[in-house]
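Dock chain B against chain A, hints included.
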Amino acid sequence: QKEVEQNSGPLSVPEGAIASLNCTYSDRGSQSFFWYRQYSGKSPELIMSIYSNGDKEDGRFTAQLNKASQYVSLLIRDSQPSDSATYLCAVRKNTGFQKLVFGTGTRLLVSP
Amino acid sequence: DTGVSQDPRHKITKRGQNVTFRCDPISEHNRLYWYRQTLGQGPEFLTYFQNEAQLEKSRLLSDRFSAERPKGSFSTLEIQRTEQGDSAMYLCASSLARGNTDTQYFGPGTRLTVL
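Those protein sequence lines, which keep their order, are chains A and B. Numbering-wise (the numbering used here), the first sequence opens with residue 1 and increments by one. Numbering-wise (the numbering used here), the second sequence opens with residue 113 and increments by one.
Chain A extracted, bound-state conformation:
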């Protein structure tokens, strides 16, 4: 079992729709969760961080965390073609470890 799992996609949504990206993780002791966006050929860019159960909203983005289910998601409202990218879920296990463990990413395609 991979430590962080994501559906590789592509996830195709029309412009203006809500895109829902999901991520599960295996280590129940994980403390910190991050979503990065990566355009083709570029480096990861931080979108959101979340540390507590529940929802966290930032503009069109909402991160949702459920530690009991070991599940974290990212919702993108009013999706735009410029949101087309690969979205990487990253997890930091506990305070003793600083490295991030990444999923393979979900490719999102937003069609005009």
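Calculated from the structure, these hints are not laboratory results. Quick reminder that beta carbons are idealized off the backbone N, C-alpha and C, glycines included. Among the hints, a few may not be true.
To be verified - Straight-line C-alpha distance at most 30 Å; calculated DSSO-like pairs for lysine-lysine: (1) 42/A / 56/A; (2) 2/A / 169/B; (3) 67/A / 2/A; (4) 2/A / 56/A; (5) 56/A / 93/A; (6) 126/B / 2/A; (7) 169/B / 93/A; (8) 56/A / 123/B; (9) 67/A / 123/B; (10) 169/B / 123/B; (11) 93/A / 67/A; (12) 2/A / 183/B; (13) 93/A / 42/A; (14) 183/B / 42/A; (15) 183/B / 93/A.
To be verified - Covered stretches of chain B, as calculated for chain A (at least 3 residues, CB under 8 Å): (16) 126-139; (17) 178-189.
The following block gives chain B in isolation, referenced to the frame of chain A:
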């Protein structure tokens, strides 16, 4: 406000040659990380520094790889006797440790091609 910078952005080398990459973190950040990313995969952790101390190393970091952060500012990653399997994007990230939160910001990466 300058972000993380990396140099060079691209490197093409022949198998067996040594290469060195440089990373300059965001100025006040005390933690610096190296990751490697291959096509279709997420970044994989290689090593990290807090100030000048190298605190964690991945098993991916074979004895051909060495990283330094001599004065707690910039860092270098050297790969000796490169192999074709070393071809990847090498990413540097930095963060400022604050309590339990530690958000890593990535540089543009160095794309290595080993012929």
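Cross-check of the supplied hints:
no., hint, result
1, 42/A / 56/A, "holds (26 Å)"
2, 2/A / 169/B, "holds (20 Å)"
3, 67/A / 2/A, "holds (17 Å)"
4, 2/A / 56/A, "holds (26 Å)"
5, 56/A / 93/A, "holds (20 Å)"
6, 126/B / 2/A, "violated (33 Å)"
7, 169/B / 93/A, "holds (16 Å)"
8, 56/A / 123/B, "violated (40 Å)"
9, 67/A / 123/B, "violated (41 Å)"
10, 169/B / 123/B, "holds (24 Å)"
11, 93/A / 67/A, "holds (12 Å)"
12, 2/A / 183/B, "violated (36 Å)"
13, 93/A / 42/A, "holds (26 Å)"
14, 183/B / 42/A, "holds (28 Å)"
15, 183/B / 93/A, "holds (28 Å)"
16, 126-139, "violated (count 0)"
17, 178-189, "violated (count 0)"
Checked against the numbered hints given earlier, the structure breaks hints 6, 8, 9, 12, 16, 17 and satisfies all the rest.
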